[in-house]
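Undergrad: Heads up: the protein sequence lines correspond to chains A and B, in order. Numbered continuously in the UniProt record's numbering, the first sequence closes out at residue 314. Numbered continuously in the UniProt record's numbering, the second sequence closes out at residue 534.
Just so you know, these hints were derived from the structure itself, not from any lab. Bear in mind the structure is a predicted one, so any value in this text is a computation, not a measurement. Each residue gets a CB set at the ideal place from its N, CA and C atoms; glycine is no exception. You can trust all of the hints, since none of them are fake.
The following label-pair restraints were derived from C-beta to C-beta distances:
id, chain 1, residue 1, chain 2, residue 2, range
1, B, Q310, A, R36, 11 to 21 Å
2, B, S13, A, F289, 44 to 54 Å
3, B, P157, A, R31, 47 to 57 Å
4, A, R31, B, G239, 28 to 38 Å
5, B, S13, A, T279, 53 to 63 Å
6, B, G464, A, R36, 53 to 63 Å
7, B, G158, A, R31, 48 to 58 Å
Residue-level listing of the chains:
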Amino acid sequence: MPAALLVILQTALLVALAPAWNGVVGAIKARLQMRRGLPVLQRYRDLAKLAGKETVLSEDASPLARVTPYLVLGAALAVCTWTPVLTTRPGMGFAGDLVMTVALLAVMRVLLALLALEAGTTFGGMAASRHLALSALAEPALMLSVFTLAIAARSTDLSRISAAVAATPDAWISPSHLLALTAMWIVVVSETGRVPVDNPVTHLELTMIHEGLVLDVSGHHLALLEWAAAIRQMLLLTLVANLFLPWGIAVEPSPLALLVALGAWVGKLAVFAVVVAVTESVTAKMRLFRVPEFLGMAFLLALLALTSDSLLRG
Amino acid sequence: MTLQPGELFPLDSALRGIRERFSDAVIDADRTSLRERTVVVPAERLAEVAGAIVGEWGGMLLQLFALDERESAGRYRLHVMFTMAPEDAILTLVSAVPELAPAYRSITTTVPAAHWLEREMRDLMGVTPMDHPDPRPLIAHEGWPRDFHPLRKDFAPGDAVEWAPRWKFLPVEGDGVFEIPVGPIHAGVIEPGHFRFSTVGEAVLKLDVRLGWKWRGLEKLAEGATLSRGLELAERVCGTCAFSHALAFCGAAEEIAGIVPPPRARALRSMAGELERLLNHLTDLGGILTDVAYVVGAAEMARLKEAVQQTADALFGHRFLRGVCVPGGVQRDLDDAQQLWLRRALADVRADVAGVLRSARANAAVMDRLATTGVLTPQVARDFGVTGVAARASGSVRDGRKDHPYAFYRELDFQVISRTGGDVLARLDVRADEIVESLNLIDQMILRLPGGPLVQHVGELPPGRWGFGLVESPRGLLSHWLRADDRGLIGEWRMRSASHAIWPALALCVPGNIVPDFPLINKSFNLCYACTDK
Chain A
1 MPAALLVILQ
11 TALLVALAPA
21 WNGVVGAIKA
31 RLQMRRGLPV
41 LQRYRDLAKL
51 AGKETVLSED
61 ASPLARVTPY
71 LVLGAALAVC
81 TWTPVLTTRP
91 GMGFAGDLVM
101 TVALLAVMRV
111 LLALLALEAG
121 TTFGGMAASR
131 HLALSALAEP
141 ALMLSVFTLA
151 IAARSTDLSR
161 ISAAVAATPD
171 AWISPSHLLA
181 LTAMWIVVVS
191 ETGRVPVDNP
201 VTHLELTMIH
211 EGLVLDVSGH
221 HLALLEWAAA
231 IRQMLLLTLV
241 ANLFLPWGIA
251 VEPSPLALLV
261 ALGAWVGKLA
271 VFAVVVAVTE
281 SVTAKMRLFR
291 VPEFLGMAFL
301 LALLALTSDS
311 LLRG
Chain B
1 MTLQPGELFP
11 LDSALRGIRE
21 RFSDAVIDAD
31 RTSLRERTVV
41 VPAERLAEVA
51 GAIVGEWGGM
61 LLQLFALDER
71 ESAGRYRLHV
81 MFTMAPEDAI
91 LTLVSAVPEL
101 APAYRSITTT
111 VPAAHWLERE
121 MRDLMGVTPM
131 DHPDPRPLIA
141 HEGWPRDFHP
151 LRKDFAPGDA
161 VEWAPRWKFL
171 PVEGDGVFEI
181 PVGPIHAGVI
191 EPGHFRFSTV
201 GEAVLKLDVR
211 LGWKWRGLEK
221 LAEGATLSRG
231 LELAERVCGT
241 CAFSHALAFC
251 GAAEEIAGIV
261 PPPRARALRS
271 MAGELERLLN
281 HLTDLGGILT
291 DVAYVVGAAE
301 MARLKEAVQQ
311 TADALFGHRF
321 LRGVCVPGGV
331 QRDLDDAQQL
341 WLRRALADVR
351 ADVAGVLRSA
361 RANAAVMDRL
371 ATTGVLTPQV
381 ARDFGVTGVA
391 ARASGSVRDG
401 RKDHPYAFYR
411 ELDFQVISRT
421 GGDVLARLDV
431 RADEIVESLN
441 LIDQMILRLP
451 GGPLVQHVGE
461 LPPGRWGFGL
471 VESPRGLLSH
481 WLRADDRGLI
491 GEWRMRSASH
501 AIWPALALCV
511 PGNIVPDFPL
521 INKSFNLCYA
531 CTDK
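Looking at chain A on its own, in the form it has when it is part of the complex:
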């Protein structure tokens, strides 16, 4: 299969399935509460509904407010192109690697924070301040934990890292790998606005972090941002699935291998959905001032992973 086609296929999968994952988590949570819950496909209907609504912009809105939703979605799509979803064959590896991924995620964050401030309302400013403060703690942990793998693979290219981990099947049992995985998971929980860091279903303005950022956005702008957030979440989950646990990923993109890889990827995402839903059901949201300790722990774990990796490797 030509490389270009593979890139398009993988990007399309990430984009198309992104809203469904939240739906699956919601459905499992509802089951755990003995409720019927929303249909999984509701998320797509919500996006369609938002896209059809009028977008209200302040008369004083700067051009930034108009372009931000497109820029954020664009940044998310760019990262999709070089993320290994089904195969470790580098498609767009020349365009971006691990560092570029982290940088683009940071760009999305900053754009969202600026957009939130742009509206000039209290909740936007409050959410932006919380969002940036937590991100500043989560980002180093994200970098360090993936770097642990990157050093072993001697490359920052995401596909090469994935291939390297896949090539040494028992590497994942090493302490450094497990530590890095734990750190990465905490970062994913924080970055995707999940309990115990944030409550994705809250309606209380004063407690919001990720929801507060888009409180003043409406219509198709909101649809774009919601979709971008879902894709971002999918990217982070795929990084966990295919960098840390790359079982089943296709080293050579034969149709059969790709099919197996698709099954493995969807299976891993489903397992993650169960883990997140159960976590959200058995724990409460922590006090905002405890979150830095939580993320500090992620950083520490990532640092330990890196250190033990260097020590054990000699």
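Chain A is already provided as a structure; the job is to place chain B on it using the hints.
TA: Same frame as chain A, but now just chain B:
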């Protein structure tokens, strides 16, 4: 209560103290009913006498309002009511304020609990408390014209008024201090209230609460109405404690008419009252668990609340128990099969509530959010006359069902639940234990339900007489005060809910916490906006 030899009941010691200390000022001390004593005090001495009653003789401010008697006597009449717990007695100071210069020295200077009451009275009645520490309007928002006082007799509902801006928030100034305005329109389905936080980073320095968006002028609407119309209004003051309002209103009417409802009616009233408490406490516990994102517990509480509401609907004909209580008795009866069914339904509720709370208490993440959050100190609770769950979570042992036994409570055996923490956890614990007590009470009543008629006929109201009803609503002590006019209809109606007393105290237990903890603190009180605004 037990007294040492030589010790006086609170009411007697207060009356003796007033005679000794203020003999130059007090005009008359009179027994008007079995449980209310009125003392006429000149307006300029009110603050002094009130201060002594609360500070020295253990009284607690219950209600403060003005009546428009300009037409008949050329004055405004001020009533200041104090509960003298643990004695079932009310001490009322009555004062005349001249029509031409309607002002007197503010009671808030000596009794902080009068804070909102006096501001509200000035807005609605135009009687000005001088030297009030916070002279801003309470209910009169930007939408209110100057010198517009709707509770005065010369205003008729429906008269047109004009707009005039006149409200300012109290600013906190300094480097890095920000103001966060929240509401009155919220992201969720919440009643309208405006909260103005002054913060440094996430830490709250000051909270200014502004209510009044739901002021409907209910007290005005009842003037000149029949008792049944008044009851309709009372039941619609708020949704969640509709039955308590109806009961307090009927209590006031029955005191005026001088009748006591038959035993079976009183027992059924207590039963409905406990169902309402159950319903509210389950809702509030669910709210607390929702706010800390402990979703499984919250979903379970929502299910239990719905079960209780459906039980109420099936047995009493209304999910919020409206239409159960009427002056003189109740309209609904429970036969033996229904009583049995109620016991079975509530036995399930009892087991399930215990299970949910056990798992919530075993969860460290939940407990970490609840403990030490939003502490209401006993001092603040006392100063503001806080009652109900909020007071009992801060060390108080006052409960209207024990102190002022109404309905069937004199015949029933139950504990007053109290905690000393004053935080969100203490309020959760008090509610949890009160749920068990409510279930026990309902069981007791089913076992001992007296027979007999359901309603005692209430005849014409004797003109000019007044009476009051006290009810321990799910949120605290609720009082309704009624006076019959010369045609035997409702002349004046004044009510005060527990929420009215607790709101200013809530504002004081938020500073020192962080902004994202406010919704949890607010939910742990779960005060009513409509009850406060009226």
